[in-house]
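> Sequence:
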Amino acid sequence: MNQYWGVDADPTAQGRIKGARPVAVLDIGSNSVRLVVYERHARSLTALYNEKSACSLGRGLAQTGRIAYENIDRALTAIQRFALVCRLMKVGKSYVLASSAVRDAENSASFVSAVEELMGATVNVLSGEEEAHFAALGAISGMPDFAGLVGDLGGGSLELSMIRSASI
Numbered sequence: 001m002n003q004y005w006g007v008d009a010d011p012t013a014q015g016r017i018k019g020a021r022p023v024a025v026l027d028i029g030s031n032s033v034r035l036v037v038y039e040r041h042a043r044s045l046t047a048l049y050n051e052k053s054a055c056s057l058g059r060g061l062a063q064t065g066r067i068a069y070e071n072i073d074r075a076l077t078a079i080q081r082f083a084l085v086c087r088l089m090k091v092g093k094s095y096v097l098a099s100s101a102v103r104d105a106e107n108s109a110s111f112v113s114a115v116e117e118l119m120g121a122t123v124n125v126l127s128g129e130e131e132a133h134f135a136a137l138g139a140i141s142g143m144p145d146f147a148g149l150v151g152d153l154g155g156g157s158l159e160l161s162m163i164r165s166a167s168i
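Residue 24 in this note's numbering sits at position 24 of the sequence shown; the count goes up by one each step and never skips.
Just so you know, these hints were derived from the structure itself, not from any lab.
Any given hint could turn out to be false.
[Unchecked claim] What follows is a set of in silico ranges between Cβ atoms, one per label pair, in the way DEER data are often shown:
id : residue 1 : residue 2 : range
1  : Leu88     : Asn124    : 40 to 46 Å
2  : Ile17     : Pro144    : 31 to 37 Å
3  : Leu88     : Ser110    : 24 to 30 Å
4  : Glu70     : Ser44     : 36 to 42 Å
5  : Gly142    : Val85     : 22 to 28 Å
6  : Pro144    : Glu70     : 41 to 47 Å
7  : Glu117    : Leu137    : 28 to 34 Å
8  : Arg66     : Leu158    : 35 to 41 Å
Note that the structure is predicted; figures quoted are calculated from it, not measured.
We treat Cβ as the ideally placed atom computed from N, Cα and C, and that holds for glycine.
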């Protein structure tokens, strides 16, 4: 038996992968920043932690072409807390994704550098096409037989994907 969150547990029970450490996904959107930490299982993921912080990175971006410094500060404060959560939960790998506000802002380079330093991971700034693809994958994972149009409406963009026979 191993110690897991202070409780003796069999890491192979219920499909747990022995020795697997949690995985974190940090989603930096136009309206909010969300951290989800997952436990990996043989066939699925189980969310252990899920928190969203409203940061409004996209507010005013269309008018100025820049992310407001107060919103950068708000986001970095949340991400600093999320990085601590990841350390305390002994996260093995972090994936950091950013969408339209970071993609479109003139001043996003320093923000991206600060996030990478805090999280110890590369920020993957998604294209609109990549955002649409991930939204479609989410639909398929929840409804494998899904066919139709999937929309991902964020604070700064709308991505659409057509799914036919589990193909995007």
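> Determine which of the earlier numbered hints do not hold for this structure and return their numbers in increasing order.
When the structure is compared with the hints, numbers 1, 2 and 8 turn out to be violated.
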